[in-house]
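**Q** Okay, here's what each chain looks like letter by letter:
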Amino acid sequence: NAGVTQTPKFQVLKTGQSMTLQCAQDMNHEYMSWYRQDPGMGLRLIHYSVGAGITDQGEVPNGYNVSRSTTEDFPLRLLSAAPSQTSVYFCASRPDRGRNTEAFFGQGTRLTVV
Amino acid sequence: AQKVTQAQTEISVVEKEDVTLDCVYETRDTTYYLFWYKQPPSGELVFLIRRNSFDEQNEISGRYSWNFQKSTSSFNFTITASQVVDSAVYFCALSERYNNNDMRFGAGTRLTVKP
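Chains as they are written, first to last, in the numbering used here: chain F, 17 to 130; chain D, 238 to 352.
No lab work stands behind these hints, which were simulated from the structure alone. Backbone N, C-alpha and C fix where the C-beta goes; we use that ideal spot for every residue, glycine too. Wrong hints could be hidden among the right ones.
What the hints assert, rightly or not - Away from chain D, derived, C-beta distances all over 12 Å, residues of chain F:
1) 31
2) 34
3) 48
4) 78
5) 87
6) 96
7) 104
8) 129
Claimed, not checked - Here are some of the chain F residues that sit facing chain D, going by a computed Cβ distance under 7 Å:
9) 38
10) 57
11) 61
12) 116
13) 123
So here's chain F without its partners, still in its complex pose (with noise of 0.2 Å):
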């Protein structure tokens, strides 16, 4: 069971580039949300889904865009990456919109923009 996959692990940006991170699940949960990580910040939501076709913002969804086409999927988009946006990435996936379930986490991804 590949549980929540994240892709790519690594990755190096110029600044005013734009990328995607994938996310994909097989669990077919209906929630599924992005978290950057930062050093003594925790971590903290920038978008999040609690369905197909459905997309809300987070607590900073700024310079970020998301998209749920499927059920598995949940791309995030830097539109023009900036330092500021150096960080790890998670996407995680919950079974539940009843929030009494536990998330589960694909391994991260590690974004450096120079």
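Guided by the hints, dock chain D onto chain F, whose structure is given.
**A** Just chain D, lined up with the frame of chain F:
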């Protein structure tokens, strides 16, 4: 608004010592869920426990135990007889029943267990 505070940024102990990681939360919801995750040096996030707001029973799992107290809005995590393999960053998180936003995480506590 939901908020999670982990006041201890870093803790260092010697192997076999007991250690408690503090977590204090804020929420307006009467139904909410609390979680602890472990992030070892390899970087993945490992789920440890979930607790809902209606269940204040403490939980023990091997060397791990959790103390949930609604009166003080705390959900503390104790490791008994710590081991080097317990060295990791530990995150406390909160989600609310009627809030579409996902989990709110604390800043994390980095635990170092020295041999």
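**Q** Which hints, by number, does the structure contradict?
**A** Per hint list: 3, 7 and 9 violated.
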